[in-house]
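K.L.:
Those sequence lines, one after another, are chains L and U. Heads up, the first sequence is in this note's numbering, so the first residue is 1 and it goes up one at a time. Heads up, the second sequence is in this note's numbering, so the first residue is 1001 and it goes up one at a time.
No incorrect hints appear here.
The calculated EDC-like cross-link candidates involving lysine to aspartate or glutamate, where the alpha carbons are at most 16 Å apart (straight line), are:
no., chain 1, residue 1, chain 2, residue 2
1, L, Lys30, U, Asp1011
2, L, Lys3, L, Asp53
3, U, Lys1093, L, Glu10
4, U, Lys1155, L, Glu28
5, L, Lys30, U, Glu1121
6, L, Lys3, L, Asp56
7, L, Lys36, L, Asp63
8, U, Lys1091, L, Glu10
9, U, Lys1164, U, Asp1192
10, L, Lys30, U, Glu1010
11, U, Lys1093, L, Asp46
Keep in mind that the hints were calculated from the coordinates and are not lab data. Keep in mind it's a predicted model, so treat the numbers as computed, not measured.
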Amino acid sequence: MLKQYVCRSESTVYRIINGVAIVVAAPEGKLRTLNKVGTLIWQQADGRHALVDIIDLISQEFDVAYDQAVNDAESFVQELVDKNMLELTDSPVLGG
Amino acid sequence: MRSKLNCSVEDIYAYTIERSIPLSVLFELTYRCNLRCGHCYMVDRGEAELSLDEVKDILNQLAAANCLFLTLSGGEALMRTDFFDIARYAKAKGFALKIFSNGTLINEDIAHEIARIHPLEVGISIYGSDAASHEQFTGMPGSFRSSLHALRLLKEQGVFTIMKCLLMKGSVAHMNEIRALASEVGAILQFDPIVSPKNDGNRTPLQFELDDSELHRFFSSITDQPQTMGQTDRPSAVIICRAGRDTCSISPIGMVYPCVALPVPLGNLREQNFNKIWYGHKAEKLRKLRFSDLSQCVSCPELSFCTRCWGLATLESGDHLGPSYLNCRIARIRHRISVERAETDLEEVTHEEALRTP
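Okay, chain L solo, but in the shape it has when bound:
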């Protein structure tokens, strides 16, 4: 998963309000908020960044051990992939 590229699903929309991502996924329509780290992952999930690069960024921005960042980021991304909110690809998404 680490080398894969992370991309927000077309069925999601979001706004950053007060530094926090508020995400809505169609057709379910439920509002979800992400915490600060989740928000950073979400913003970087444009299909042009591999998860490993996003984790590097997390390590720079937040006071967290690298292994912990990897575990948390993988489980977070998998959770949103399972909910069809994020997609993983083996190569960058053109125009992402």
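Could you slot chain U onto chain L? The hints should help.
P.N.:
Coordinates of chain U only, in the frame set by chain L:
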């Protein structure tokens, strides 16, 4: 780091209300409509509706203001030949889209196009359980079949559909048939018992409003919610409603209102940008109003049964701080139903006790 799934939506709304962030906007794209509904609240004053470029500019401003939920409505929004240019642009700007339509212009291709923009929901208006009862309100033969067909087509495309049913004179007796219809087409059913005057105060639509016995029948059918609104007294600091606080509407000519039901103009987007209107004097004055400013309502004995709408109050009497006669009628009816239920419960308990008595 985990996502806060199922987080408190109330927290989000509390934040957006506190900061006056326009989280939800209803955008009426056109006055034009192919139906001739006598109950329609819209008044077309003949001014030119916003062009595509003007609409796009407004969408840019709304996105910058952090609007998330955008409802595209009309008239009949699909009467605009550039509807999908607008919808796709809105989608690209990151809005969570809802579409309100009468459904009569939705064929297979249009249903497919709608599905491609991933709307949160599409609401289609249905007013009766059969063609005769629906079309007596729409004035267009064949509209019942077309609207139902649209609901089916959208469902087939995986779109979340709402059957929006404004209850009018005579239709309460057919609620069960309408429920069956919604179930058959796979739509969520939303009944609305409130017919409002036109936006200019014209009361013609009220000829279709429910009488007391119909309102009683409708509210009696709601068994999964209490008749009370959960508050027996509302503290003076409580805001009146979300209109103008985190929600507003925009008319086809660019006028901004606190709510589609509250015809108090805040400003025109052809003359001022959105932020200037939204954070301007008129809107701020409106936001300062509290429940304690409603001198008559605040001391009303039916308060706990009331869902007072200040839009209705304004349209009925011109006084947005006064009571709404329709809301007053409904509050009295809900109170009566509550008393009737309590008496029925007491009778059942007494009957059970009598049975247990040796």
